[in-house]
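Asks: Sequence:
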Amino acid sequence: MSRFLLFIFSCLVIPFSASAGEQEVSHIKAELVRAFPELKSAIVKPSPVSGMYEVEHDSKIFYATSDGKYLFMGDVMDLRSQSNLTETRRAAIRTRLLNEVGEENMIVIGPDKPQRTLTVFTDVDCGYCAKFHLDVPALNKQGVKVRYLFFPRAGLNSESYRRAVAVWCADDRAKAIGIAKAGGKLNMKTCANPVESHFQLGQRLDIGGTPSIFLDNGKVLPGYIPAPRLLGMLGIKG
Numbered sequence: 001m002s003r004f005l006l007f008i009f010s011c012l013v014i015p016f017s018a019s020a021g022e023q024e025v026s027h028i029k030a031e032l033v034r035a036f037p038e039l040k041s042a043i044v045k046p047s048p049v050s051g052m053y054e055v056e057h058d059s060k061i062f063y064a065t066s067d068g069k070y071l072f073m074g075d076v077m078d079l080r081s082q083s084n085l086t087e088t089r090r091a092a093i094r095t096r097l098l099n100e101v102g103e104e105n106m107i108v109i110g111p112d113k114p115q116r117t118l119t120v121f122t123d124v125d126c127g128y129c130a131k132f133h134l135d136v137p138a139l140n141k142q143g144v145k146v147r148y149l150f151f152p153r154a155g156l157n158s159e160s161y162r163r164a165v166a167v168w169c170a171d172d173r174a175k176a177i178g179i180a181k182a183g184g185k186l187n188m189k190t191c192a193n194p195v196e197s198h199f200q201l202g203q204r205l206d207i208g209g210t211p212s213i214f215l216d217n218g219k220v221l222p223g224y225i226p227a228p229r230l231l232g233m234l235g236i237k238g
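If you read the sequence shown in UniProt numbering, its first letter stands for residue 1, the second for the next number, and so on.
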């Protein structure tokens with residue numbers, strides 16, 4: 001890692017108008033909303049860098065100058081600790097958003113007192129999701145709990161969405177999700193379900209494909225990872 005860089009700006013610098021004021025947070029938020037109305041719900045607070053404020057929106061982190069003049073998109077690196085401060089914040093946000101769902105609104109498979117927990121966005125018609133599901137018993141055996149959220153890649157007006165709803169509405173959800181992933185026939189029942197809210201959360205978390213595996217420390221692993229390798233990443237000897 002280069003010791004000559006404090007910021008890695010991955011996108012762009014966006015100027016917007018400045019005004020004087022003692023309450024910098026309120027001023028910055030007002031300027032953000034004026035320039036980008038969709039940031040009305042953003043949280044603005046001091047960042048670890050003097051003269052810069054952190055802007056949190058959904059699972060994203062931006063930075064604004066204290067004078068309300070510039071908005072930055074990129075990562076802040078602590079050169080002394082060689083750590084990515086922005087990614088640490090993103091991980092904490094991901095963990096919070098996932099835990100806010102509540103396990104009663106997930107399909108949970110695994111021990112009651114796990115060593116580690118994985119939260120997985122899955123599509124019932126995804127081949128690699130089916131492959132991951134075959135690994136779940138091995139993960140459970142090593143003390144890993146798997147929490148499923150639905151992310152029908154074809155959208156909310158798709159057969160995958162309807163099959164996800166049928167899984168949720170089944171008497172035995174854990175059994176039904178296995179049948180669905182194996183391409184089996186489901187009883188296409190409907191009921192009150194969290195599938196749409198799962199999908200919307202996945203969009204907030206920038207899910208690009210399935211399976212998307214979130215560790216209990218907020219780190220995200222896109223795509224299928226074989227159980228032995230995944231256990232190693234979790235610090236568990238298989």
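There's no promise every hint is true.
Said to hold, decoys possible - Straight-line Cα separation of at most 25 Å, BS3-like style, residue types lysine-lysine; simulated pairs: (1) 189 - 219; (2) 219 - 45; (3) 45 - 69; (4) 69 - 131; (5) 29 - 45; (6) 29 - 40; (7) 113 - 189; (8) 60 - 219; (9) 219 - 237; (10) 60 - 29; (11) 113 - 175; (12) 113 - 69; (13) 131 - 175; (14) 45 - 60; (15) 189 - 175; (16) 175 - 185; (17) 219 - 175; (18) 219 - 113; (19) 131 - 141; (20) 40 - 141; (21) 141 - 219; (22) 45 - 131; (23) 185 - 237; (24) 237 - 131; (25) 175 - 141.
To be verified - Derived CB-CB ranges, DEER-like: (26) 182 - 45: 20 to 30 Å; (27) 154 - 187: 31 to 41 Å; (28) 203 - 43: 53 to 63 Å; (29) 155 - 100: 19 to 29 Å; (30) 203 - 87: 42 to 52 Å; (31) 127 - 219: 22 to 32 Å; (32) 87 - 41: 15 to 25 Å; (33) 88 - 113: 20 to 30 Å; (34) 138 - 30: 51 to 61 Å; (35) 67 - 143: 49 to 59 Å; (36) 101 - 67: 30 to 40 Å; (37) 187 - 23: 49 to 59 Å.
Source of the hints: derived by calculation from the structure; they are not laboratory data.
Each residue gets a CB set at the ideal place from its N, CA and C atoms; glycine is no exception.
Asks: All the hints need checking, so say for each whether the structure fits it.
Replies: The hints, checked one at a time:
1. 189 - 219: Violated - the C-alpha atoms of residue 219 and residue 189 are around 35 Å apart, more than 25 Å.
2. 219 - 45: At roughly 23 Å apart (the allowed maximum being 25 Å), residue 45 and residue 219 satisfy the hint.
3. 45 - 69: The hint holds at about 16 Å.
4. 69 - 131: The hint is violated at about 49 Å.
5. 29 - 45: holds (10 Å)
6. 29 - 40: Roughly 8 Å separates the two Cα atoms, so the pair holds.
7. 113 - 189: Judged against 25 Å, a Cα distance of about 32 Å means the pair is violated.
8. 60 - 219: holds (14 Å)
9. 219 - 237: It holds: about 20 Å lies between the C-alpha atoms, which stays within 25 Å.
10. 60 - 29: The hint holds at about 16 Å.
11. 113 - 175: holds (21 Å)
12. 113 - 69: Violated - the C-alpha atoms of residue 69 and residue 113 are around 49 Å apart, more than 25 Å.
13. 131 - 175: Holds - the C-alpha atoms of residue 175 and residue 131 are around 16 Å apart, at most 25 Å.
14. 45 - 60: holds (14 Å)
15. 189 - 175: Distance of about 15 Å is within 25 Å: holds.
16. 175 - 185: holds (12 Å)
17. 219 - 175: violated (28 Å)
18. 219 - 113: Holds. Residue 219 to residue 113 sits at ~21 Å (cutoff 25 Å).
19. 131 - 141: holds (17 Å)
20. 40 - 141: violated (45 Å)
21. 141 - 219: Given pair residue 141, residue 219 holds - Cα atoms ~22 Å apart, limit 25 Å.
22. 45 - 131: violated (42 Å)
23. 185 - 237: Status violated; Cα separation ~36 Å.
24. 237 - 131: holds (21 Å)
25. 175 - 141: holds (18 Å)
26. 182 - 45: 20 to 30 Å: violated (47 Å)
27. 154 - 187: 31 to 41 Å: violated (21 Å)
28. 203 - 43: 53 to 63 Å: violated (19 Å)
29. 155 - 100: 19 to 29 Å: holds (23 Å)
30. 203 - 87: 42 to 52 Å: Violated - the Cβ-Cβ distance for residue 203 and residue 87, about 20 Å, lies outside 42 to 52 Å.
31. 127 - 219: 22 to 32 Å: The hint (22 to 32 Å, Cβ to Cβ) holds, given that residue 127 and residue 219 are roughly 24 Å apart.
32. 87 - 41: 15 to 25 Å: Check passed, 22 Å falls within 15 to 25 Å.
33. 88 - 113: 20 to 30 Å: The hinted range 20 to 30 Å holds for residue 88 and residue 113, with Cβ atoms some 27 Å apart.
34. 138 - 30: 51 to 61 Å: Cβ of residue 138 to Cβ of residue 30: about 53 Å, so the range 51 to 61 Å holds.
35. 67 - 143: 49 to 59 Å: Holds, since residue 67 and residue 143 (Cβ atoms, about 51 Å apart) stay within the stated range.
36. 101 - 67: 30 to 40 Å: Roughly 38 Å apart at Cβ, these two residues keep to the hinted range, so it holds.
37. 187 - 23: 49 to 59 Å: With a Cβ separation near 58 Å, residue 187 and residue 23 satisfy 49 to 59 Å, so the hint holds.
The structure is inconsistent with the numbered hints 1, 4, 7, 12, 17, 20, 22, 23, 26, 27, 28 and 30, although it conforms to all the rest.
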